[in-house]
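Peer 1: Sequence:
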Amino acid sequence: MDTRLWMSVLLCFATALMLFVLLLSYRKRHLQVARTMVYMMATASCYALGYAFEILGSSLSGVKLALQFEYLGIPFVSAFWLLLVIQFTGLATAYRKWITVLLFLIPTTTFLLHLTNGWHHLIYEAYILNPNDTVPLYNTIKGPWYSVHGVYNYTILLLGILLFIPMYLRALPIVRKQILLLILGAAAPMLFNIGYMFSTVIDFTPLGFAVSGVVYAWGIFRFGLLRLTPLAYAKMFDTVRDGVVLLDYENQIVNYNRAAEEVFPELAQTKSIPAFGKDVLTASPELVQRIAATDFQDERFPLQLLLGARQMYYICSLTYIYDTGTTPIGKMLMFSDITELKENEERLHEKSQRLSQLNAFKDKLFTVMAHDIRDPIALLVSLTELLGEEPTDTDIASAEVFQEIRRQVRGTFHLVDNLLDWYRSQNGEVAFRPLAWNLQQVVRQALSLAGARAAMKNIQISELIDEKLTVNADKEMLDLIFRNLLSNAIKYTDIDGKIEVSASIEHNEVTVSVSDNGSGIDEDTARLLRHDELFFKEPGFASREDGGDMRFGLVLTREFLRMHGGSLRFESSAGQGTTFRFTLPGSVSSGGTSESEGMVVKAIEGHLN
18 MDTRLWMSVL LCFATALMLF VLLLSYRKRH LQVARTMVYM MATASCYALG
68 YAFEILGSSL SGVKLALQFE YLGIPFVSAF WLLLVIQFTG LATAYRKWIT
118 VLLFLIPTTT FLLHLTNGWH HLIYEAYILN PNDTVPLYNT IKGPWYSVHG
168 VYNYTILLLG ILLFIPMYLR ALPIVRKQIL LLILGAAAPM LFNIGYMFST
218 VIDFTPLGFA VSGVVYAWGI FRFGLLRLTP LAYAKMFDTV RDGVVLLDYE
268 NQIVNYNRAA EEVFPELAQT KSIPAFGKDV LTASPELVQR IAATDFQDER
318 FPLQLLLGAR QMYYICSLTY IYDTGTTPIG KMLMFSDITE LKENEERLHE
368 KSQRLSQLNA FKDKLFTVMA HDIRDPIALL VSLTELLGEE PTDTDIASAE
418 VFQEIRRQVR GTFHLVDNLL DWYRSQNGEV AFRPLAWNLQ QVVRQALSLA
468 GARAAMKNIQ ISELIDEKLT VNADKEMLDL IFRNLLSNAI KYTDIDGKIE
518 VSASIEHNEV TVSVSDNGSG IDEDTARLLR HDELFFKEPG FASREDGGDM
568 RFGLVLTREF LRMHGGSLRF ESSAGQGTTF RFTLPGSVSS GGTSESEGMV
618 VKAIEGHLN
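The number in the working numbering is simply the position in the sequence shown, starting from 1, with 17 added.
Since the hints were derived computationally from the structure, they do not count as laboratory data.
Where is the CB? At the ideal position from N, CA and C, for every residue including glycine.
A couple of the hints might just be wrong.
As the list claims (entries may be wrong) - Computed spacing ranges between beta-carbons, pair by pair:
no., residue 1, residue 2, range
1, Asp496, Gln370, 36 to 46 Å
2, Leu481, Ser604, 10 to 20 Å
3, Gln370, Glu279, 24 to 34 Å
4, Leu322, Tyr266, 20 to 30 Å
5, Ser369, Lys474, 46 to 56 Å
6, Glu367, Leu108, 51 to 61 Å
7, Leu132, Leu108, 24 to 34 Å
Claimed, not checked - Derived DSBU-like pairs (lysine-lysine); straight-line CA-CA distance at most 35 Å:
no., residue 1, residue 2
8, Lys288, Lys348
9, Lys81, Lys114
10, Lys194, Lys348
11, Lys508, Lys474
12, Lys194, Lys45
13, Lys295, Lys194
14, Lys159, Lys81
15, Lys288, Lys194
16, Lys114, Lys45
17, Lys508, Lys485
18, Lys45, Lys348
19, Lys515, Lys492
20, Lys359, Lys348
21, Lys114, Lys159
22, Lys474, Lys485
23, Lys114, Lys194
24, Lys492, Lys508
25, Lys474, Lys492
26, Lys295, Lys348
27, Lys359, Lys295
28, Lys515, Lys474
29, Lys515, Lys485
Given the sequences, and given the hints that come with them, work out the whole structure.
Peer 2: Dropping the structure here:
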């Protein structure tokens, strides 16, 4: 085959390879480095294809035309390669536009000078026909600017390689392979061009770009060359919040991030990397032993270090790094700082112990209250009731004092009783056993118990409840609810007042109302009752003279109603009275008396007898 023909075929094949790399890069054009790779491969393709046309040219005009096509790529290839290096290394981000302008100043000038070479001959001074009729058809005598362009190209290539060296030394293994591929891709055309400079016969530089195309294509498929740049890898590695130390198969530290320096400051003091881990991590002999272990198993373990005056806690993970085979080529050590979590855990443990102690004290306090306070108060209530039955007309002043004592003792007893009931409900000691109860009979039983107190103030109590209404409730809780509501109504209703208990049903929900025409609830108390959490925060909530027992009894009532799935509401007007409404699940019975209703009837009859 003719030399010109096989060389042109070779150059066309090189062009095809570079166009293939261009296509692969274009598919990732959203990345800046991929776009630069597209431009670099496009200019290199123009160079190779133009040179193929130059070889096949049979006249001086054809050769000159081919050179014009070649110079669409010759001046710019090296500039695009250096721009690619700058983008990979992340240098001078703020001045990237100005650097790009300066970088392409000489290539653009070279292109324009070649375009107008016939006027000044600064690129090529003359074209001489090759007497041997071999490749190339015409030899060229270079002008002064050709030398300027040559020096510029070699300077750029060397500068790019120098920029890669510091990044290569600190890069991860996968990134190092990408850097090597880029250097090889640039070195191939440079070596071919150096050969041409010495032989001055055939320019094989375009074939060097073919080698570059093969290298870059292999890098894209094998190492994801354009997926993540070394700059991105480096930033990701340095910005990870956990400390990371990379070791090779000889347990030498080959890289680490900034977070690792905070864990082991001696890493920053190490003069040269790689360095043996046992020589650097002297502050933690236990860690050195784990690194030196050769069982090839990933593990997690805790680590404690004293940094300054603070005890630090870490969770470490030691992971083996494998290449394509099964033999480990290194290890990755990661440190997760759990100091704050550990300190919070210790504080929570201390608070838990403190709460346990306070809870034990509270239990003892209520035990004392149940036995040593409630029983004497109950005795005082009984004694004052007995004394109250004796005539007191002989000493009116003493009678008034006695009545006040009896009122205070009874109120204190009710408060302690409610407090103990509330404590048992909060402590889970109250058994919740809801059954079906005839509401009218339950209310009548409550009224019979409260009737004596109402009679002392000549208060008229009326009950307006359908005899067929049934509620599902716990009997003890229901009695307490009515006891508190009726007690409060009697307490705050004046002499000759009225109290009315009524009920209605709607959608299987019974609404019970307890109304009085007393003095009503003051705004302070109403605000606290609407927000029972404020009630507990109120200083002296259980010892107030203006109704601490009433307030606490209502909070307990609301708590028991919530356990039933019901609610407590109230309406009050100063001087006109108060209406309390609460809801309970219920129904309308068809008639007859259930076992639970019979129990209520017997209780009422026993009380009346």
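Peer 1: Sort out which numbered hints this structure fails and list those numbers smallest first.
Peer 2: Of the numbered hints, all hold.
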